[in-house]
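Peer 1: In case you want the letters, here they are:
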Amino acid sequence: MNRPVSSGNAELLAENLSYEINDKLILTDLSLAVRSGEILFIEGGNGSGKTTLLRILCGLMQADEGRISWNGESIQSALLDCYQQLTYIGHATGVKSDLTTIENIRFFSAISGLPASSDIQSALEWVGLSGYENSPGRHLSYGQQRRIALSRLMINSSLLWILDEPFAGLDKKMIEKLQDRFVEHADDGGLLILTSHQSIDLNKMNSIRIHLGN
Amino acid sequence: MSKVDKLWLWFHRMASPAYFYNIAGRLLPWIAVATIILMLVGSVGGLVYAPADYQQGDGFRIIYVHVPSAWMSMFVYMVMAVNSAIFLIWHIKLSDIVARSSAVIGASFTFLALVTGSIWGKPMWGTWWIWDARLTSELILLFLYLGYIGLRSAIDDRRVAGRAAGILALVGAINIPIIHYSVVWWNTLHQPASVSKLDNPSIELSMLIPLLSMALAFKLFYLFIVLVNSRSELLEQEKRSQWVKELVTSQ
Amino acid sequence: MAMLIRDLRIAFRQRAEIMLPVIFFVVVVSLFPLAISPDPAVLKTIGPGVIWVAALLSVLMSLQNLFRSDFDDGAIEQILLSPYPGALLVLARVLAQWCVTGLPLILISPLLGLLLHLDFHIIKVLFVSLLLGVPYLSMVGAIGVALTVGLRQAGALLSLLVLPLYVPVLIFGSNAVVSAAKDMSYNGQLLWLSALLVIATTLGPFVISSALKVSCSYR
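Protein chains in written order, with my numbering: chain A, 1 to 214; chain B, 1001 to 1251; chain C, 2001 to 2219.
Any given hint could be a false lead.
[Claimed, not checked] Calculated pairs, SDA-like style, for lysine to any residue (alpha carbon to alpha carbon, straight line, at most 20 angstroms):
id	chain 1	residue 1	chain 2	residue 2
1	C	K2182	B	N1187
2	B	K1239	A	I26
3	B	K1239	A	I21
4	B	K1093	A	D23
5	B	K1093	A	N16
6	A	K24	B	V1244
7	A	K24	B	K1239
8	C	K2182	B	T1188
9	B	K1093	C	Y2218
10	A	K24	B	A1161
11	C	K2182	B	H1190
12	A	K24	B	D1157
13	B	K1239	A	S18
14	B	K1245	A	E20
15	C	K2044	B	H1190
16	A	K24	B	E1236
17	B	K1245	A	Q121
18	A	K24	B	A1154
19	A	K24	B	E1233
20	A	K24	B	K1093
21	A	K24	B	K1245
22	B	K1239	A	D23
23	A	K24	B	V1160
24	A	K24	C	L2197
25	B	K1239	A	L25
26	B	K1239	A	D29
[Claimed, not checked] Computed list of chain C residues with no C-beta within reach of chain A, every gap over 10 angstroms:
id	residue
27	V2026
28	V2028
29	D2039
30	A2041
31	G2049
32	A2075
33	L2089
34	L2131
35	S2217
If you are wondering where the hints come from, they were derived from the structure by calculation, not from laboratory data. Beta carbons: idealized from backbone N, C-alpha and C, even for Gly.
Bound-form chain A, shown alone (with noise of 0.2 angstroms):
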């Protein structure tokens, strides 16, 4: 039963989540929706698990118990459709050092099976790493590599987005021009959800809170 995804009716949803390691219970009977046009913004202190609910959202990790939806399909069953609409950037970047800038690039956007909807310069640009074309990743700072796996909003426009700390490392120039394309993207029909463990002024945007931890 799969409900027709136009950008307006799309939605995530888990049920009863539960997840434990070794005795140590991290997320318990948690239930949460997001649908398009929303941004879900989940906070917490280091270790509440954020990370945790994120990947499990994305599927990287399994539940204990509970379930995670679609648009009405369980993503284990319908896992590759889902994926065509998702874009993960988590802690680890993705970028690879013995690739350029504009390699990674490319690199990202032929696995995302979404056609380019903007064209690698102007992404660049909007990222603020116009001169960095052909630096070989290693050559990047932490935050300079984070931008190149941020310019895939640009790019490769998505659904949903699954943002973890999207603004860990980014100067307060870039936290605006990400506040805004959030902003846009929820306007379009997309749907985010996003950690920090800072609290961030989401006041241009509608968003709804989790908080996780004790």
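Fit chains B and C to the known structure of chain A by using the hints.
Peer 2: Only chains B and C this time, still in chain A's reference frame:
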């Protein structure tokens, strides 16, 4: 309900921790008794009543431990692999517990088979080891077991360790026939025309009974150990659940 | 899809450690005349086995780094989250790895055969056997790597996991060459190698991508 549904329901009931715990607990004393009886029959039959081999004398009697051990080492690996598959496909936690309990005892059986094979060989060929097909296969099987145990213990998260080791067990299970065939083939190339000395000679009835008896005894022993281990693992893993709390308070 | 292979190849072309397994291969083979005897007759007998074992160890060595850097920098996650089947992307990756490490080993084997005084027609069989066997070693080894990539002492555990699985290929591969040396038929062995290679190539990528998924879930 159709028959298939009934079977599925029974299967799920069996796999439910509380139910399994109770049933296993009730069966244990019976299994223990049966094991002891069969072991006695096998040992006495093998040591006293069965004829000594005309060529190899009384040392030959170790076959009553060696052959069942070797059979068990293979059998336990298959059980481990099947349970790993069940765990990976249907996520039934009990299967993972059974697989884990089986690994160590399977490795022990393999080791036992190797040691008894070696002891058997010493008086006959004067060496402690020989590269014949069965011993070499058992050695490789031991490595497969050790790899499984090693992988399990290297991963902290119990469940993930079960999944990783489960994949390994399945890959190993697919490979075992291939490995066995290649080792046998390799062995026939380098062995002189005579039959492998550790092959089963023609079996008379008085030898067959103790042999089968020991084999069955070993199987029940394995079952006993697995049930005991599984029960304690279950208590450990499910300690937060209702039935365990009730169990503890009623003691 | 082909674009993906190209991308992965780029990553490998820029790696400086390509030569290492090949050098290892040559060094190990060279150790045997020193350790045992430089007598041509002896070398002819042990030659095929020595080259095969050395090739096996070299492949194992080259595998250590197969998924490690991808795992550390997060590329593996992105590969697993791609709408393209994980098995396909993994296949591309293993293929790229093989081109860069396995292929050079195979190509240099005739040279090593000469070092060990093997006759030309034996070297031909050696070459074919390695051509069929080394991809199998890469694929099956990759399964082991995928299972251990997140662990600390990955290297030792990897050897333990993978060596039992290498035994059939070692037996058939080495024996094919030995049979050729004795002027006996070796087609059966080569057939077995081909069959094993086919099985490994069809099933391997799926197993590897499952194993990578498992490894990613305990970071």
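Peer 1: Output the indices of the hints that this structure fails to meet, ascending.
Peer 2: 17, 24, 32, 33 and 35
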